Amino acid sequence: MSYQQTMFDKIWEMHLIKKLEDQNDLIAIDRIFIHDVCGAFVFKMLDEAKTVVADNTRIYATPDHTPATVMGRTGETSKTGKRIMPIFTEGCKKYKIRLFDLDDPRQGIVHIVCPEIGLSLPGMTIACGDSHTCTHGALGTLSIGLGTTQLYHAMTTSCIIAKKPKTMRIRLEGKRRPEISAMDIILFVLSKLGIEVAVGYAVEFSGSVVREMSMEDRFTLCNFSVEMGAEYGLISPDEKTIDYIQGREFAPQGEDMDKLIAHCHEIASDKYSVYDKDIVIDITNIERQISWGINTGQVIGISGTIPDAKDQKSDKDKDSFLEACSYMDLKPGQNIRRLKVDHVFIGSCANGRLSNLVTAADAIKGRKVARGVKAVVVPGSMLIKQAAETMGLDKIFSNAGFIWGMPGCSYCTCSNDEHVASGSRCVSTTNRNFIGRQGVNVRTHLASPLTAVLTALSGSIE
Amino acid sequence: MKKWIELKSIAVPWTMPNVDTGSIITMERLLLNPDNLDKYAFEPFRYIDGDGDKGELNMEFPLNKPQFRGAKIMIVGENFGCGSSRESAPEAISKMNFRCLIGNSFGSIFEKNCYQKGILPIKLHLDMIKRLSELANNLGKFTVDLKKSIIITPDNQVIDFHIDKIQQKYLIEGKDIIDETLSHIESIEHYIKNDRINRPWIYSTK
Numbered sequence: 001m002s003y004q005q006t007m008f009d010k011i012w013e014m015h016l017i018k019k020l021e022d023q024n025d026l027i028a029i030d031r032i033f034i035h036d037v038c039g040a041f042v043f044k045m046l047d048e049a050k051t052v053v054a055d056n057t058r059i060y061a062t063p064d065h066t067p068a069t070v071m072g073r074t075g076e077t078s079k080t081g082k083r084i085m086p087i088f089t090e091g092c093k094k095y096k097i098r099l100f101d102l103d104d105p106r107q108g109i110v111h112i113v114c115p116e117i118g119l120s121l122p123g124m125t126i127a128c129g130d131s132h133t134c135t136h137g138a139l140g141t142l143s144i145g146l147g148t149t150q151l152y153h154a155m156t157t158s159c160i161i162a163k164k165p166k167t168m169r170i171r172l173e174g175k176r177r178p179e180i181s182a183m184d185i186i187l188f189v190l191s192k193l194g195i196e197v198a199v200g201y202a203v204e205f206s207g208s209v210v211r212e213m214s215m216e217d218r219f220t221l222c223n224f225s226v227e228m229g230a231e232y233g234l235i236s237p238d239e240k241t242i243d244y245i246q247g248r249e250f251a252p253q254g255e256d257m258d259k260l261i262a263h264c265h266e267i268a269s270d271k272y273s274v275y276d277k278d279i280v281i282d283i284t285n286i287e288r289q290i291s292w293g294i295n296t297g298q299v300i301g302i303s304g305t306i307p308d309a310k311d312q313k314s315d316k317d318k319d320s321f322l323e324a325c326s327y328m329d330l331k332p333g334q335n336i337r338r339l340k341v342d343h344v345f346i347g348s349c350a351n352g353r354l355s356n357l358v359t360a361a362d363a364i365k366g367r368k369v370a371r372g373v374k375a376v377v378v379p380g381s382m383l384i385k386q387a388a389e390t391m392g393l394d395k396i397f398s399n400a401g402f403i404w405g406m407p408g409c410s411y412c413t414c415s416n417d418e419h420v421a422s423g424s425r426c427v428s429t430t431n432r433n434f435i436g437r438q439g440v441n442v443r444t445h446l447a448s449p450l451t452a453v454l455t456a457l458s459g460s461i462e
Numbered sequence: 001m002k003k004w005i006e007l008k009s010i011a012v013p014w015t016m017p018n019v020d021t022g023s024i025i026t027m028e029r030l031l032l033n034p035d036n037l038d039k040y041a042f043e044p045f046r047y048i049d050g051d052g053d054k055g056e057l058n059m060e061f062p063l064n065k066p067q068f069r070g071a072k073i074m075i076v077g078e079n080f081g082c083g084s085s086r087e088s089a090p091e092a093i094s095k096m097n098f099r100c101l102i103g104n105s106f107g108s109i110f111e112k113n114c115y116q117k118g119i120l121p122i123k124l125h126l127d128m129i130k131r132l133s134e135l136a137n138n139l140g141k142f143t144v145d146l147k148k149s150i151i152i153t154p155d156n157q158v159i160d161f162h163i164d165k166i167q168q169k170y171l172i173e174g175k176d177i178i179d180e181t182l183s184h185i186e187s188i189e190h191y192i193k194n195d196r197i198n199r200p201w202i203y204s205t206k
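From first to last, the protein sequence lines stand for chains Y and E. Using my numbering, you'd call the opening residue of the first sequence number 1 and step up by one each time. Using my numbering, you'd call the opening residue of the second sequence number 1 and step up by one each time.
Everything labelled a hint here was simulated from the structure, so no lab data went into it. Please read all numbers here as calculations on a predicted model, not as lab measurements. Positions of the beta carbon are idealized from the N, C-alpha and C atoms, including for glycine. Please note that a few of the clues may not be correct.
[Stated by the list, open to error] Straight-line Cα separation of at most 27 Å, DSS-like style, residue types lysine-lysine; simulated pairs: (1) LYS54(E) <-> LYS163(Y); (2) LYS54(E) <-> LYS82(Y); (3) LYS163(Y) <-> LYS141(E); (4) LYS164(Y) <-> LYS123(E); (5) LYS95(E) <-> LYS165(E); (6) LYS19(Y) <-> LYS175(E); (7) LYS175(Y) <-> LYS10(Y); (8) LYS8(E) <-> LYS318(Y); (9) LYS123(E) <-> LYS141(E).
[What the hints assert, rightly or not] So these bits of chain E aren't anywhere near chain Y, every CB distance computed over 12 Å: (10) LEU7; (11) GLY55; (12) ASN104; (13) ILE109.
Please build the complete structure, drawing on both the sequences and the hints.
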């Protein structure tokens with residue numbers, strides 16, 4: 001048998017420029033994506049250093065964090081946008097970076113836009129100043145989130161200095177029930193493995209469940225890699241990956257596409273490759289999942305109850321558990337179902353894709369959002385918004401009492417003056433339920449688009 | 001970046017697990033109050049009602065306790081700095097005059113960002129964290145020696161810690177790691193020249 005290698009090891013080796021001291025590697029970066037917030041910060045650094053970017057033809061930008069998502073918005077509708085957007089757009093102009101601005105039909109959340117228009121491609125190394133850059137790994141890329149200084153480093157040198165992480169495989173097996181989404185599956189995985197399981201690892205998702213998943217669902221899965229502590233999350237490219245990339249605006253064509261397809265087969269994980277850690281999770285018969293606490297590992301089934309302090313494995317879990325009960329205003333043994341909510345949000349780089357919106361709209365079935373609930377749907381990109389409107393989804397949402405928004409991060413990062421009202425309870429299809437994430441004392445419950453819609457319609461968790 | 005070689009200070013223990021970078025500095029503050037990150041650092045914990053503008057300190061929060069004033073070392077809980085990649089998080093900690101975090105594990109992006117802001121993140125075993133927290137509560141002085149990569153505890157025990165050699169060099173010199181990369185510019189150019197032939201689609205986007 002020939003030498004068996006994981007996809008991660010192959011892509012890493014292909015991008016290794018030089019080995020440096022103390023096991024650091026100089027790794028080539030193929031593409032850099034920037035959004036308004038990391039862009040504004042990195043442009044300031046570039047300005048101060050009076051330096052140039054190494055290759056502006058491999059850097060792309062779109063605003064998503066600070067623009068308001070209300071209809072008729074401009075970059076300056078929000079206070080934060082007013083401050084950040086001019087620095088961002090000026091920087092893109094100054095450093096000649098291709099920008100999909102608010103008036104561009106491709107604008108949207110950077111982790112949705114770049115795969116969608118064919119800028120993220122299998123085998124690439126991708127850097128972005130955002131922790132959810134791991135999302136692009138669903139296409140078989142090594143994609144890493146960086147802070148401002150490291151992003152500045154990547155922009156000025158087209159490479160990063162990094163230590164190779166260990167590899168972990170999470171094989172998802174079993175048969176999923178029809179109502180179970182990728183969001184339910186990844187929340188279930190987090191509830192089983194915890195939020196630190198992958199610190200120091202690159203995580204590859206595989207198994208029959210992943211093979212059967214659509215590309216859109218695979219993005220949701222990889223989006224959460226960082227929530228388990230991983231720097232990289234990835235899925236080995238297969239026929240679905242190859243189908244997905246073809247015909248996208250910036251994807252190669254003709255002979256170059258043929259070469260890329262051959263490359264996909266080349267970089268795929270070998271059948272017998274060995275991982276530093278190998279985990280199998282059976283998702284047969286799992287029910288819909290929802291977070292009850294203040295981190296993404298504090299998750300239960302929709303028919304479940306808040307766990308008990310004595311069931312916590314370690315001191316750390318116990319501390320976190322007590323803090324969670326207090327912040328979320330919940331008691332052990334309490335049902336999660338029927339808990340009254342004030343706000344529902346559907347969108348984000350986790351669950352703002354077309355199939356998520358279709359699932360959500362299908363669940364409405366002519367009903368209305370419950371009184372007293374503010375329910376908002378924000379498509380992940382302009383292309384998704386347009387496709388959804390062509391299908392009439394916006395009407396279905398509006399008629400039911402949902403607010404239909406313009407693409408952006410919106411109530412996930414709450415960096416555009418859109419906060420959930422202080423002290424309220426919110427069911428959200430996003431990826432973080434940390435203290436204060438959606439607003440002061442806001443209690444966030446992460447769940448799938450289906451659970452979010454059912455909750456909005458009934459006024460309590462459903 | 002502030003360079004440093006040795007640090008002598010009391011340490012403040014705050015070992016809540018899973019403190020995320022968004023609680024270290026909220027998105028709104030880093031965007032609207034970038035010049036006052038020290039004031040708004042740890043806002044949800046540090047102030048009553050989580051509101052730094054009202055400014056009423058939560059005296060239960062260890063960083064607010066008078067006996068720990070002036071501490072340059074913080075002993076932190078597991079998975080400290082998980083979540084968002086915002087570099088404003090270590091920046092806010094640096095602006096509060098901390099230079100060293102001692103914990104069992106850190107969010108991986110945060111850990112790298114710390115070095116960019118002159119903060120040394122030290123990883124030790126949980127038992128050791130517990131012991132150091134007790135010593136810190138007794139207000140003993142710790143010494144952190146970056147060159148020798150050791151901590152000297154108030155009761156004179158010497159503890160080794162691991163630090164990446166490149167990070168150590170650049171922290172001591174207070175320099176930007178970019179100089180290291182640019183010293184390999186020929187290798188980088190050589191790589192790109194070959195890669196253009198092997199993977200033309202990377203370089204041919206319209």
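Hint-by-hint comparison with the structure:
1. LYS54(E) <-> LYS163(Y): Violated, because 43 Å separates the two Cα atoms, which is more than 27 Å.
2. LYS54(E) <-> LYS82(Y): Roughly 24 Å between the alpha carbons, so the hint for LYS54(E) and LYS82(Y) holds.
3. LYS163(Y) <-> LYS141(E): 33 Å, violated
4. LYS164(Y) <-> LYS123(E): With Cα atoms ~18 Å apart, LYS164(Y) and LYS123(E) stay inside 27 Å; holds.
5. LYS95(E) <-> LYS165(E): 25 Å, holds
6. LYS19(Y) <-> LYS175(E): It holds: about 21 Å lies between the C-alpha atoms, which stays within 27 Å.
7. LYS175(Y) <-> LYS10(Y): 31 Å, violated
8. LYS8(E) <-> LYS318(Y): Roughly 33 Å separates the two Cα atoms, so the pair is violated.
9. LYS123(E) <-> LYS141(E): 19 Å, holds
10. LEU7: 22 Å, holds
11. GLY55: 15 Å, holds
12. ASN104: 9 Å, violated
13. ILE109: 6 Å, violated
This entry does not satisfy hints 1, 3, 7, 8, 12, 13, going by the numbered hints stated previously.
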